[in-house]
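K.L.:
Spelled out, the chains give:
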Amino acid sequence: MKKIEAIIKPFKLDDVKAALTGAGIVGMTVTEVRGFGRQKGHTEMYRGGEYTVDFLPKMKIEIVVPDSLADKVVSLVVGAARTGSIGDGKVFVEPLEEALRIRTGERGDNAV
Amino acid sequence: MKDLGSIARTMPWRIAVAVVVACLLAVGGWVFAQDKPPAPAAPAAPAAAPAPPPSKPDPAGTATGGIADVTAKTAGKPTLEEVADFAGHNRVSINLMWTLLTGFLVMFMQAGFALVETGFTRAKNVAHTMMMNFMIYAIGMTGYWIMGFALHMGGLGAISTMGGTGLLDSEFTISLFGKDFGLFGMKGFFLAGSTYDVAVFALFLFQMVFMDTAATIPTGAMAERWKFSSFVVFGFFLSMFSYPIFANWVWGGGWLSQLGKNFGLGHGHVDFAGSSVVHMVGGVTALAGAMVLGPRIGKYNKDGSANPIPGHNIPMGVLGCFILAFGWFGFNPGSTLAGSDLRISVIAVNTMLASASGAIFAMFYMWFKYGKPDPSMMVNGMLAGLVAITAPCGFVSSFWAFFIGAVSGVLVCWAAVFIETVMRVDDPVGAIAVHGVNGAWGVLSLGLFSDGSYGDGFNGVEGTVRGLFYGGASQFVAQIIGTVTCFVFIFGASWAFFKVYDVVFGMRVSPEVEMEGLDVPEMGVHGYPEIQGPATLVHAMGASMPKTPSMAMAPERSR
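Order-wise, the sequence lines are chains A and B.
With the numbering used here, the residue at position 75 of the first sequence is 75, and numbering never jumps.
With the numbering used here, the residue at position 535 of the second sequence is 1535, and numbering never jumps.
In case anyone wonders, no lab produced these hints; they're calculated from the structure.
Just so it is clear, the structure is predicted and the values come from calculations on it, not from any experiment.
Any given hint could be a false lead.
The calculated label-pair distances, taken between Cβ atoms and stated as ranges, are [as the list claims (entries may be wrong)]:
(1) D14(A) - T1421(B): 40 to 46 Å
(2) K72(A) - R1424(B): 26 to 32 Å
(3) Y1528(B) - K72(A): 40 to 46 Å
(4) V1500(B) - K90(A): 55 to 61 Å
(5) D14(A) - V1232(B): 48 to 54 Å
(6) K90(A) - G1524(B): 39 to 45 Å
(7) G41(A) - T1421(B): 20 to 26 Å
(8) Q39(A) - P1511(B): 49 to 55 Å
(9) D14(A) - E1530(B): 24 to 30 Å
(10) G1304(B) - R101(A): 56 to 62 Å
Once the Cα atoms are required to be at most 20 Å apart in a straight line, the calculated DMTMM-like pairs of lysine to aspartate or glutamate come out as [as the list claims (entries may be wrong)]:
(11) K1372(B) - E32(A)
(12) K1369(B) - E50(A)
(13) K17(A) - D88(A)
(14) K1299(B) - D88(A)
(15) K60(A) - E106(A)
(16) K90(A) - E32(A)
(17) K1299(B) - E50(A)
(18) K1372(B) - E50(A)
Counterexamples of contact, computed for chain A against chain B with all Cβ distances above 10 Å [to be verified]:
(19) G24
(20) G35
(21) F55
(22) G79
(23) P95
(24) A111
(25) V112
The beta carbon of each residue, even a glycine, is placed where N, CA and C say it ideally should be.
Model the full assembly from the supplied sequences, consistent with the hints where possible.
P.N.:
What follows is the structure, given as structure tokens:
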């Protein structure tokens, strides 16, 4: 199993969700997060004074899939979330040791 | 030691308030004993026989109301005297109705202030900021009823439009340069005795909501760090002393209003609806308070540069501004104290024009200078236009009204940045720039642009009110004297009050409370419980509290 973690622009969430569910992915977890990358936030004005927004709002999507589907999911996410401008986000893939469905006790690929 | 210090700093203010209230009640008893109510007025003319019910419905309304509705001994055949009585009663009725209704509009401005001030400050202080704006209505009203109104209006004399205010006939004066200088009124404490009168009560309502407008302005500039207990005592101070005394000088027959009669300076210091009496008083008090309190933690860096601290709810602030702009239709046109004075249409239009130009010019100024049209500054711009037109609204043409608002829209943006970065006074909502600076601009602009079309007999001076550009140079001098007096007296009195209170009892919450947000330590409740982090919720329930002065009070709260 692989866990795919994608940090994307908030307004791209609907596109990513549509792409994944269209490809038969049946579950995901979404969190509102804040952070910065190489861009290091940006500055704004309030009442004539400049201030820095260090942590920009982003969406974090977590998806767990069998190893065979991982590459496909990554390319779907990247395809749907890309705008081509700074701040599109990142995708992280990591191996996952175990999964367990609480209701039935199923384990492994059957549980995701 | 810290805990002992905090007890010493929290207990005496309650005792002090108790002593003050006891003294006031004693004064009240004395006033009741001295000032007997007048004998009931002679019974009115016997009521006319009820008009016969109309024989048929009147959907167009043209036949409803006629000679049969004039109170007369012989129904349908009133004498000339009866008609004249009826007309006089009708005139005063329209005026009292107008004064009361516009007063109700001004009362609603409290809601506008609450929303603007709370929207432009942070979510962690929302309950505290809201409740200052809420309680000032009750506290200010009480203080004004006890003695503020008497000091303010006790020597007013008769107002021809309202009937009975001639009962307010006692002004304390001193003699200087062979002229009388009225300092404060002495009748109307608790609205008791001979001031138990319909016209006096209508005047009380209208003047009370104006006083409350001034009283709620400083809560914005002093928000996010002011102890609630200190705010409560301040509410009584402003409504019972500082506001009534300056207001007496301008509106109660005091010395500033008599500069024209006594020294030939125009019509004396003229302030139609309160640019100086209400707004400048509020703004200058805010300046004194914010200076004594000091800036919020994190506002200034070590090198003296300022950090913006954005407000938490722009829609709330904008809604508040709209409510204020709506209430201003009571504030300015109501200040005729007469619905029968048809100048009210000019006043209402001038008021809305100045609010428009204030907002527009603030928008363009911020846009050109800083790149974006800052929402909080557009709100401040509209309010600045309204504040500035408040004094001259009755005396200028629509062109000058628009111009006055336009100047105030730029002035407020410039002043807010100046106060923040040069004077280094932290004013979270811009109250000093909006009300203090533009209040001064408003009364001065009256002395420049009044066009002589209105104000015959104002402050007992014959002829209409004319500004510098319309041949009234001495009027401008009177306006300058009024503005300087307002600043010197109000800043001096307020600063002394705040400083003494700060030294004796302490005005400011502890740094721990300020960092956490004032809502729980000061008020015992989160304004927005659901969106506070879990850490603050645990904190609120009393787990693992740090030892801070405010937390030392926690057991006392739970008792």
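K.L.:
Are the hints correct? Go through all of them and say.
P.N.:
Going through the hints against the structure:
1. D14(A) - T1421(B): 40 to 46 Å: holds, 43 Å
2. K72(A) - R1424(B): 26 to 32 Å: violated, 59 Å
3. Y1528(B) - K72(A): 40 to 46 Å: Since Y1528(B) and K72(A) have Cβ atoms about 42 Å apart, the given range 40 to 46 Å holds.
4. V1500(B) - K90(A): 55 to 61 Å: 59 Å Cβ-Cβ, so the 55 to 61 Å window holds.
5. D14(A) - V1232(B): 48 to 54 Å: holds, 51 Å
6. K90(A) - G1524(B): 39 to 45 Å: holds, 44 Å
7. G41(A) - T1421(B): 20 to 26 Å: holds, 23 Å
8. Q39(A) - P1511(B): 49 to 55 Å: Hint violated: Cβ distance 34 Å, outside 49 to 55 Å.
9. D14(A) - E1530(B): 24 to 30 Å: holds, 25 Å
10. G1304(B) - R101(A): 56 to 62 Å: holds, 60 Å
11. K1372(B) - E32(A): violated, 27 Å
12. K1369(B) - E50(A): Measuring from Cα to Cα gives roughly 12 Å; hence the hint holds.
13. K17(A) - D88(A): This hinted pair holds, its Cα atoms lying about 16 Å apart.
14. K1299(B) - D88(A): Measuring from Cα to Cα gives roughly 33 Å; hence the hint is violated.
15. K60(A) - E106(A): Measuring from Cα to Cα gives roughly 26 Å; hence the hint is violated.
16. K90(A) - E32(A): holds, 15 Å
17. K1299(B) - E50(A): Holds. K1299(B) to E50(A) sits at ~13 Å (cutoff 20 Å).
18. K1372(B) - E50(A): Given that 20 Å is the threshold and the Cα spacing comes to 12 Å, the pair holds.
19. G24: With a cut-off of 10 Å, G24(A) remains clear of chain B, as the shortest Cβ separation is near 36 Å.
20. G35: holds, 17 Å
21. F55: holds, 14 Å
22. G79: Nearest chain B Cβ is 34 Å from G79(A), so the label holds.
23. P95: Holds, because the least Cβ-Cβ distance between P95(A) and chain B comes to about 31 Å, which exceeds 10 Å.
24. A111: holds, 29 Å
25. V112: holds, 29 Å
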